[in-house]
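Go by the hints and put chains B and C onto chain A.
Chains as they are written, first to last, in our numbering: chain A, 1 to 123; chain B, 1 to 491; chain C, 1 to 343.
20 Å max Cα-Cα, derived SDA-like pairs, lysine to any residue:
#1 A:Lys-117 <-> B:Val-29
#2 C:Lys-320 <-> A:Ile-66
#3 C:Lys-60 <-> C:Ser-24
#4 C:Lys-64 <-> A:Leu-28
#5 C:Lys-99 <-> C:Glu-172
#6 B:Lys-369 <-> B:Leu-429
#7 A:Lys-24 <-> C:Leu-79
#8 A:Lys-116 <-> B:Ile-109
#9 C:Lys-310 <-> A:Phe-122
#10 C:Lys-320 <-> A:Leu-107
#11 A:Lys-24 <-> C:Val-58
#12 B:Lys-368 <-> B:Met-434
#13 A:Lys-117 <-> B:Ala-35
#14 B:Lys-368 <-> B:Val-450
#15 A:Lys-59 <-> C:Tyr-122
#16 A:Lys-117 <-> B:Arg-38
#17 C:Lys-320 <-> A:Ala-108
#18 B:Lys-368 <-> B:Lys-435
#19 A:Lys-117 <-> B:Thr-155
#20 C:Lys-60 <-> A:Phe-20
#21 C:Lys-99 <-> C:Phe-263
#22 C:Lys-64 <-> A:Leu-18
#23 C:Lys-99 <-> C:Leu-10
#24 A:Lys-38 <-> C:Phe-75
#25 A:Lys-117 <-> B:His-108
#26 A:Lys-116 <-> B:Ala-35
#27 A:Lys-116 <-> C:Gln-313
Source of the hints: derived by calculation from the structure; they are not laboratory data. Note that this is a predicted model, so its numbers are computed, not measured.
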Amino acid sequence: MLAEYGPFFIQLGLAIVLAFAFLKGAALLGPSRPNRIKQMPYESGMDPIGTARTRYSVKFYLVAMIFIVFDVEVVFLYPWAASFERFLDAGVGLEVLGVVTIFVIILAVGLVYDIKKGGLEFD
Amino acid sequence: MDLTQSFSSLGADIIVSAPLVLTMVMGLVIVVLDAFRRNHVATPWIAALTLAFGLVMEITRIGAASGTAYYDLLRVGGMAAYVNALIFGSGLLTVILARPYLESIGHHIGEVYALILFASTGMIVLGTANSLITIFVGFETMSICLYILTGLVRTNQGATESALKYFLLGAFATGFLLYGIALMYGATGTMYLHEMQSAVGDHQTMFRSGVGLLLVGFLFKVSAVPFHMWTPDVYQGAPTPLVGYMSTASKSAAFASLILVLYLALPSTQWIGVVAVIALLTMVIGNVIALAQTNVKRMLAYSSIAHAGYILVGLAAGSPEGYSGALFYLLVYTVMNIGAFGVIALLEWDGTQGSEQSLDSLSGIGYKKPLLAWSMVFFMFGLAGFPPLGGFIGKVAVFGPAIHSGLTWLAIVGVLTSAVSAYYYLRVLVVFFMKESNPDVATDNITFSVPGMSAAVIVLCVIMLIVLGIVPTFLDVTASFFDGNMLATLP
Amino acid sequence: MAVPWYWSALLAFVVVNFLLISASVLVYAERKISAAMQNRPGPNRVGPVGFLQPFADVAKLLLKENIVPYLANPFVHSLAPFLMVVIAMTTGALIPFAKGVVVADLGVGVLVLLALTSISVYGITLAGWSSNSKFSLLGGLRSAAQMISYELSMGLAVVSVILIAGTLNLTEIVESQAGGMSLLGWNLFRNPIGATIFIVTAFAETNRTPFDLPEAEQELVGGYHTEYSGMKFGMFFLAEYVNFFVASFFIVTLFFGGYLIPFQSALVSAVPALDGSIWLSLLQVMTLILKAGFFAYLFIWVRWTLPRFKYNQLMTLGWKYLLPIALVNVLVIALIISLFRTF
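This is chain A alone, in the form it adopts within the complex:
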């Protein structure tokens, strides 16, 4: 079971080696002459004003929270989708579909609510 992941980890290892080689290769081959002007964060040629670690719109948090809800929903749908044929073979396909529909509707209500309340307005 776990053995089938062996090749996957081989490829992962190759990818890590490659990415590491890029980083190290550039560090070895390229010059390194840092100075203050060079290291200034880019702000269209001006001296940077304030800090970049600032507060940002709460909307991003909102999107992230809604995402969690729906992502978990999608994750719950995977095992159902993969085994739906077996439910059909057992003759309970429509019942299972009904239950899943209820599940989806409950979350869809949340989506409708969120849209209507303007939680996804970015204007």
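Then chains B and C, alone, in the frame of chain A:
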């Protein structure tokens, strides 16, 4: 696994748990309705009708034999029906009280009713849970809704603070609960309460640690000392009628669930000592600190801590009589507390959910608002435990079994602290009726208009309190839940 | 059937190199195609018709200085491009190039694929955050919000494919499209809405125009990679091209019959010697690369044709249109399947 059997009982389960399912569905309906027609006038009515339907349906099933639904995850009928009726009743009275109140503070928003319905769903799941998983699901559903309701008035700093405090501490308590569940499951290999005791085997240490952590979660929810710190702050900051709901319905659910855990999963007497000590601390600390309170809502918050202590005395007795007494006390407590918080809500003048309202500001109110003040007389005497009101019978019902179980010292402390509590309860009445109205506090611009529905709820609570005090049959009803067939009906 | 590990290693090595070379070919192709669309010559100095330009670029980037801005977090600043390249290269392991020719034939290949794509959000977000630059931060935030928004619809489109195939294994998903002479059995025809949603979200997930708000050069300079220089920038660049090529492969695998040659069964019955031979596998690899090449061309074509969305349009499309449509699509597909099977 035979898949064809998976759905054979689903239809029957849905019918058996119709109030629960309906509450959740109507909550969703309100959410959708509110999305399209913001703060529609029908919203509170939908919630009230749903809760009323659930209340009627559960009352008719109190006498029915108890059973289980959804693969033994939930209990139905009997004690479950009684607890559900308590939750529905509390929710119904709260909805009626909350509508004019929220309108007056300018936060009449449709989601409140959806949240009350969802919270009720969670409480029912918690109060009728027969498995640790359902306990957790109900616990979380209830708590999250209550966190939001606490911070409803988000422009108010105090409300926001109390909501955040409630959320952080509550999340912490949930962590304890979950960790306890994990350890109990690890020790027994089952999530079902009635299978736990026989499945513990030689993992006693792990099981006991799990139960300890589980109890922390529960004791937090019922605001027992030493997990009571959140209670005064939350009660002070939250909208007053909703505080009544939080303090009664969530306590009913958590205590019912705790009784089931103690009765089904821990029938041995080894936990009695722990519960008794907690009960002692809760009664003493709750009552003593309440003496020093000048804010009405904080005073009632400490009073509700003290009452959690009285109920814990019934649990500490560890006998069916004790459990049934505790269940009866929950009913009395619901009636008294909804009424008391309802009166305070109607007498509010400062526009910040009474968070800064001192008792003195209500001086002489008894002559301006006789109906509310006289109702308050009943509630205060009831809370203090004077005969012939329900509060007295309730205290007899929890202290009596404690004496039978050999916890005489606990009962004595209970009676003594009740006597102490009479001081701060009666002080309310002294202020109401025997003090001149305070010129320092701007009570002149008070526009207490008492809505008819709210007044009806208050009067209903008074009548219930009297009936519970003089008609003893209610105690027989709660006693009948423990007639020995409670386990027999389980597969 | 256990494949010896050195074969897997060899195949993995080939796949990584294939992706590297195809990335440079795609860079060249993008520049040439855009030049053709804009009626200018494009790169034409390095090598014949400028073909060696990408290699010259890589050499140049390797020799450039790596500048890390003030107050940036140096570790995270390097971690971000590292993650991007690793993720982009690893997803290649899941592509079934031909029947039995796949580095890792995982039982839950689709899940691993989605897990890997969702990790690449971290690469961009960390790049944006670690650079200590306002442009980078905005680009990183935008991209995080955009990618998670479209990931939902993408996941649901994949659910509809899994429903039809009844498996999470990518090879079996390809084989399930063999009906209708390996052409009409494509999931494109059985699940056209899912296919459309998947293609659209693939554009969004790879941050390609019209969804390239994270780098939106006119307003955010370079977005999350504003503060990257030298080979670290090159790594982002490489990852972008590998990503959209791999995305093309998965579009083909999930919806366009994967490695299946159209009329494959007719071909095999006409030339029986082909059945099970290495030549058939080679033909399948060629077919897959041709199909994927078409979508890679589509990615480039769209980039030089369509303007960029506004941010609110992007979110509206993702949440208010694609997500509900994808949800309904899943249920409709399930209903159709169960009706077919029941009656």
